[in-house]
Amino acid sequence: GAVVSQHPSWVICKSGTSVKIECRSLDFQATTMFWYRQFPKQSLMLMATSNEGSKATYEQGVEKDKFLINHASLTLSTLTVTSAHPEDSSFYICSAASGTRLGNEQFFGPGTRLTVL
Amino acid sequence: RKEVEQDPGPFNVPEGATVAFNCTYSNSASQSFFWYRQDCRKEPKLLMSVYSSGNEDGRFTAQLNRASQYISLLIRDSKLSDSATYLCVVTRSGGYNKLIFGAGTRLAVHP
Numbered sequence: 212g213a214v215v216s217q218h219p220s221w222v223i224c225k226s227g228t229s230v231k232i233e234c235r236s237l238d239f240q241a242t243t244m245f246w247y248r249q250f251p252k253q254s255l256m257l258m259a260t261s262n263e264g265s266k267a268t269y270e271q272g273v274e275k276d277k278f279l280i281n282h283a284s285l286t287l288s289t290l291t292v293t294s295a296h297p298e299d300s301s302f303y304i305c306s307a308a309s310g311t312r313l314g315n316e317q318f319f320g321p322g323t324r325l326t327v328l
Numbered sequence: 390r391k392e393v394e395q396d397p398g399p400f401n402v403p404e405g406a407t408v409a410f411n412c413t414y415s416n417s418a419s420q421s422f423f424w425y426r427q428d429c430r431k432e433p434k435l436l437m438s439v440y441s442s443g444n445e446d447g448r449f450t451a452q453l454n455r456a457s458q459y460i461s462l463l464i465r466d467s468k469l470s471d472s473a474t475y476l477c478v479v480t481r482s483g484g485y486n487k488l489i490f491g492a493g494t495r496l497a498v499h500p
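Chains as they are written, first to last, in this note's numbering: chain P, 212 to 328; chain V, 390 to 500.
Source of the hints: derived by calculation from the structure; they are not laboratory data. Just so it is clear, CB atoms sit at the ideal spot from N, CA and C, and this is done for glycine as well. Nothing false has been slipped in among the hints.
Pulled from the structure, derived: some chain P residues nowhere near chain V, Cβ distances all over 12 Å:
| hint | residue |
| --- | --- |
| 1 | Gly264 |
| 2 | Lys275 |
| 3 | Phe278 |
Here are the simulated distance ranges between beta carbons:
| hint | chain 1 | residue 1 | chain 2 | residue 2 | range |
| --- | --- | --- | --- | --- | --- |
| 4 | V | Gly405 | P | Leu285 | 45 to 53 Å |
| 5 | P | Leu285 | V | Lys487 | 17 to 25 Å |
| 6 | V | Arg430 | P | Lys225 | 20 to 28 Å |
| 7 | P | Ala283 | V | Asn401 | 46 to 54 Å |
| 8 | P | Glu316 | V | Ser470 | 20 to 28 Å |
| 9 | V | Asn411 | P | Thr228 | 41 to 49 Å |
| 10 | V | Ser421 | P | Gly264 | 20 to 28 Å |
Work out the full structure: start from the sequences and follow the hints.
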């Protein structure tokens with residue numbers, strides 16, 4: 212149990228386009244989902260925390276208008292990178308937490324590798 | 390200064406060796422501590438939680454020293470399959486258990 216999927220697993224896009232990444236909890240209800248970004252040889256950096264049905268809480272330095280997060284259901288959260296630029300190229304990873312049956316452990320998706328040309 | 394600091398390595402060790410990783414954290418209010426393992430181009434996977442009393446899981450032993458704000462991971466009898474990046478992780482106080490990751494220490498086990 213506690214499986215999290217992400218789609219797509221990789222995406223290549225042109226500068227200026229928007230990219231949507233989906234994060235799904237497959238076998239549990241995720242009251243909270245987290246979005247991270249990881250640049251090569253660096254640590255995972257938390258971008259935002261989202262709770263189902265409410266606005267996401269963004270970490271300092273993360274532009275909420277550029278990284279749109281929607282957590283419309285207990286099994287799905289989406290991250291949209293708007294007007295992507297080459298500096299947005301990174302590995303984006305989501306995690307999901309149930310907070311109840313599964314405790315506070317975060318279960319990670321397999322990640323989405325974004326390359327902006 | 391980074392909130393979680395690790396030696397980036399790489400640590401190149403032969404099979405069967407014992408290897409130790411260290412980690413320091415700067416926020417004395419950090420609440421929970423973990424070691425994660427991350428394979429190349431993959432998501433991190435929880436290896437073990439870390440407690441002040443120390444805990445062991447097979448060949449892996451983790452230790453926490455709150456006074457020194459220091460966390461360690463010991464791997465005994467290294468296997469080729471242990472090759473990965475090991476991430477030291479702490480949770481920030483307040484909020485919903487926000488995970489703060491170190492940049493990781495790379496381990497390469499060779500035959």
